[in-house]
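Visitor: Listed below, chain by chain, are the residues.
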Amino acid sequence: MTEHIDKRIKLDDSMAQDNSIVCDDQDRLVGLTDKLHNFLKGYQSLKCDPCKVVSIVRNASCCFRCALRMLGCRESDLYVLTEKELIEAFVSFDPSVSYEPLEETCAACVGVLQQADTTRVIDAVVDRLTTEDYQTKSYTFYVTLPVSLLPRNHALALHVYNQLKEQGLDVEAATAVRNDQVDAKEPVRAVVGQQLMNKMGMQQSTEAGLKMTVVFSHPETVGDHVFLTTVSNPVVKLLKQRKKGQVFFTGDSRNTIIEGLKSLDDKEAMSAMPVPPKPVETAFELKIELLHESTLVGGRYIKLSREYSQTPWSIRGQRLTEFSVSESIGEPLKKYFKCDDYKFVTAGREDANVRMLGHGRPFYMQMVNPRIPEVPEDLYLKMEEEINHSSNSESVLVRHLARIQPGDVNIIKEGEQTKRKTYSALVWLAKPFTDDLIEKLNAIGSTQFEISQRTPIRVLQRRAHMVRPKQIYHLSVQKLPARIQGSDEHQEAKGHFARLIMDTEAGTYIKEFVHGDLGRTNPSFASLTGAAADILDLDVLEVDLVWPPHIKTSM
Amino acid sequence: MDQLLDKEVLSKSAAVEELYDLDHWAKETAHWNQGIDIFLSRYFTIHYEPASHVYIRQPPNKLCILGLSKEHAAVKSTGNISCKFFYESKTKGQKVKPNTVICEVTVDDQTYPILATVYGEVAEVNPRLLEDPNLIRTHALDEGFLAIIRPKEEDSSKQLKGLVDQNEYDAIINQK
Chain A
0 MTEHIDKRIK LDDSMAQDNS IVCDDQDRLV GLTDKLHNFL KGYQSLKCDP
50 CKVVSIVRNA SCCFRCALRM LGCRESDLYV LTEKELIEAF VSFDPSVSYE
100 PLEETCAACV GVLQQADTTR VIDAVVDRLT TEDYQTKSYT FYVTLPVSLL
150 PRNHALALHV YNQLKEQGLD VEAATAVRND QVDAKEPVRA VVGQQLMNKM
200 GMQQSTEAGL KMTVVFSHPE TVGDHVFLTT VSNPVVKLLK QRKKGQVFFT
250 GDSRNTIIEG LKSLDDKEAM SAMPVPPKPV ETAFELKIEL LHESTLVGGR
300 YIKLSREYSQ TPWSIRGQRL TEFSVSESIG EPLKKYFKCD DYKFVTAGRE
350 DANVRMLGHG RPFYMQMVNP RIPEVPEDLY LKMEEEINHS SNSESVLVRH
400 LARIQPGDVN IIKEGEQTKR KTYSALVWLA KPFTDDLIEK LNAIGSTQFE
450 ISQRTPIRVL QRRAHMVRPK QIYHLSVQKL PARIQGSDEH QEAKGHFARL
500 IMDTEAGTYI KEFVHGDLGR TNPSFASLTG AAADILDLDV LEVDLVWPPH
550 IKTSM
Chain B
0 MDQLLDKEVL SKSAAVEELY DLDHWAKETA HWNQGIDIFL SRYFTIHYEP
50 ASHVYIRQPP NKLCILGLSK EHAAVKSTGN ISCKFFYESK TKGQKVKPNT
100 VICEVTVDDQ TYPILATVYG EVAEVNPRLL EDPNLIRTHA LDEGFLAIIR
150 PKEEDSSKQL KGLVDQNEYD AIINQK
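Which chain is which? The protein sequence lines are A and B, in order.
Heads up: the first sequence at position 77 corresponds to 76 in numbering that gives the first Met the number 0, and the numbers run straight through without jumps.
Heads up: the second sequence at position 140 corresponds to 139 in numbering that gives the first Met the number 0, and the numbers run straight through without jumps.
These aren't lab readings, by the way, just hints derived from the structure by calculation.
Among these hints, one or two may not hold up.
Said to hold, decoys possible - A partial selection of chain A residues facing chain B, derived with a Cβ cut-off under 7 Å:
| # | residue |
| --- | --- |
| 1 | Val146 |
| 2 | Ile301 |
| 3 | Trp427 |
| 4 | Pro455 |
| 5 | Leu459 |
| 6 | Gln460 |
| 7 | Ser486 |
| 8 | Ala530 |
| 9 | Asp533 |
| 10 | Leu537 |
Unchecked claim - Straight line, CA to CA, 16 Å or less: simulated EDC-like cross-link-like pairs of lysine to aspartate or glutamate:
| # | chain 1 | residue 1 | chain 2 | residue 2 |
| --- | --- | --- | --- | --- |
| 11 | A | Lys478 | B | Asp20 |
| 12 | B | Lys11 | A | Glu393 |
| 13 | B | Lys26 | A | Asp536 |
| 14 | B | Lys11 | A | Glu384 |
| 15 | B | Lys26 | A | Asp179 |
| 16 | B | Lys11 | A | Glu541 |
| 17 | A | Lys46 | A | Asp179 |
| 18 | B | Lys26 | A | Asp533 |
For every residue, glycine included, the Cβ atom is placed at its ideal position computed from N, Cα and C.
Isolated chain A, as found in the complex (with noise of 0.2 Å):
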């Protein structure tokens, strides 16, 4: 008697909101059947005696949940119950009829609706669900089932149809009885659904990160509505296609069966198809997929290193830069959140050789597939001194770790087209930087100017030939400090160099500004100084974009 206490206590636990079903079995069983019984009671009255409905299902091999489909029952806690008692509630309604279990599969949903509780089927998602361990209590539960249920179901409609006309009822009633009939989909999620609370507390919604695909298939049936391309005026027609050397059918997707079997008429159905569907000989197979929805973790990140690509490079099988930010995030994070792959998206992006500096650059990183989908508020402080101490920590540095909701990644694609930017670039001259020259250029760029941009020649090759107006609204020169100057080795050369700091619009090509792209930029910092210029080393100083979005000081 404890252990049935015990029992009920941890089922209270784990128990659903609105799905409820009583904790003890016998109150469970005794509520359902009172519920059957109120539907059968209500079918009765309003269209006739369900208990002849049931037969003839029987009768044609068909399970007692299918039989409860065909009744139109949408109540999905009934499927729940086994064949068996689901065949006690109809005799306890009516002990005048008695019926058999069905010791074979069943020929409407061939075996699908049947077994869907059965430990073949709830033993591999349990299996899975434990292999994987996701740290999460709910689901959301897709179903394919096979594509024959679709012509078996109209079979058996049919066959109903015609026996309830054979047996005095009328046309009307007998067609509300056909079109009544209820999709199996429904059902099995029920019936999963129970088995997965039951077994490991699981609860189903409709909007759970996790999704759970379970695909029925059938291979002895999968041809079974290939007769519709034979009907007169066929709505199905088959395609022969080949792709990539194989050939394959289209033309038969579920939607255009459904409607080829919409406008069959019931004469050319009874040549055309078996009525009752035909019994089967083999079992269904089933194909599990789990994939929780990705988890966002946003931040900014800093690249010292002239080294570092954004994400991992490579051309014909080689890697290009030994390591990519990418990469000096993405690992580290991967195992707090036990994921499969990680997607690094960033406000913009900056060449290998260019360096990321000043608050850094705003980016999330999306966590594919975790077994963890939440992890502890103080952790994503662990895990940004994590990469701040790490061996990559010389050249990649991250900022403001925070979780991220998959609304405001709206923020950084935006942030892309309409944000300025700041740069450093040091700059070589063909004339010395004088003093005077400084002055001059400074008193230019003190307040903001449009220049004018033709596609750069290095992109030209795919980009539409145009010329982009740009607004740079601010730019100053500065002669390099003493403590960097080097050795004494080539001062001639030294007085040619400067370090330009620009804030510019969005999209501004800076190279292309400083040498002037064969004067296909105009003005250009070359021809601004009248003299040939070249970029040297570029940085990005600042991006100037609120990121994270929820973080008080976000710069």
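Assemble the complex: chain A is given as a structure, and chain B must be docked to it using the hints.
Guide: Leaving out everything else, chain B in the frame of chain A:
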């Protein structure tokens, strides 16, 4: 977000801002002043058609930037210079063959037809030459280019067949 640790990160970022390797760059650029072409060779290879004194510059993406070398009569000339194009700048350019005349450069009453020299499509003709055709003389090797041709052929050795490099060109010039 720990304020103290963030300050550390920001200071690391700020500390490197002015750090450029001037020794390295001074060595690289020491000889750039010897000619306009030297720093341009970072971005383009240059090829010459020795008979017509046309050059083709190629960036890594294989576009052909066509211009007149300093040996071309028009570039060497003085007098009133003008340029007339037979093609326009277009994203989907008009097709040309090596012997297609893409423009005419006229100095006083001497007209020089300029041939495309390669197979391809005309992506751009230098618009600045309409207002300032003298760029052909003052900036023959850079801003005074004539046109950009999108090549038909990806393989440079095929596309630029018959053209010579700088050294060969110089040798040919000096022989004359």
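Visitor: Checking one constraint from the list: CA of Lys26 of chain B to CA of Asp179 of chain A, max 16 Å. Satisfied?
Guide: Roughly 87 Å between the alpha carbons, so the hint for Lys26 of chain B and Asp179 of chain A is violated.
Visitor: Assess, step by step, whether the Cα of Lys46 of chain A is no farther than 16 Å from the Cα of Asp179 of chain A, and give holds or violated.
Guide: holds, 10 Å
Visitor: Please verify that hint: Val146 of chain A, Cβ, nearest Cβ of chain B, below 7 Å or not.
Guide: Not OK, violated: Val146 of chain A not within 7 Å of chain B, min 46 Å.
Visitor: Lys478 of chain A and Asp20 of chain B: Cα distance at most 16 Å?
Guide: Holds: Lys478 of chain A and Asp20 of chain B sit about 14 Å apart, inside 16 Å.
Visitor: Double-check Leu459 of chain A for me: the hint is only fine if its C-beta lies closer than 7 Å to a C-beta in chain B.
Guide: holds, 6 Å
Visitor: Interface hint check: Trp427 of chain A, Cβ to nearest Cβ on chain B, cutoff 7 Å. Holds or violated?
Guide: holds, 5 Å
Visitor: Verify the interface restraint on Ala530 of chain A: the C-beta must sit less than 7 Å from at least one C-beta of chain B.
Guide: violated, 10 Å
Visitor: Tell me if Gln460 of chain A is really an interface residue toward chain B, meaning its C-beta lies closer than 7 Å to one of theirs.
Guide: holds, 4 Å
Visitor: Is the hinted pair Lys26 of chain B and Asp533 of chain A satisfied, with a Cα-Cα distance of at most 16 Å?
Guide: holds, 15 Å
Visitor: Quick one, are Lys11 of chain B and Glu384 of chain A close enough, alpha carbons at most 16 Å?
Guide: holds, 14 Å
Visitor: Does the CB of Ser486 of chain A sit less than 7 Å away from some CB of chain B?
Guide: holds, 6 Å
Visitor: Should the interface hint for Leu537 of chain A be scored as holding, given a Cβ-Cβ cut-off of 7 Å against chain B?
Guide: Status violated, d = 11 Å.
Hint compliance for this structure: hints 1, 4, 8, 10 and 15 are not met, and every other hint is.
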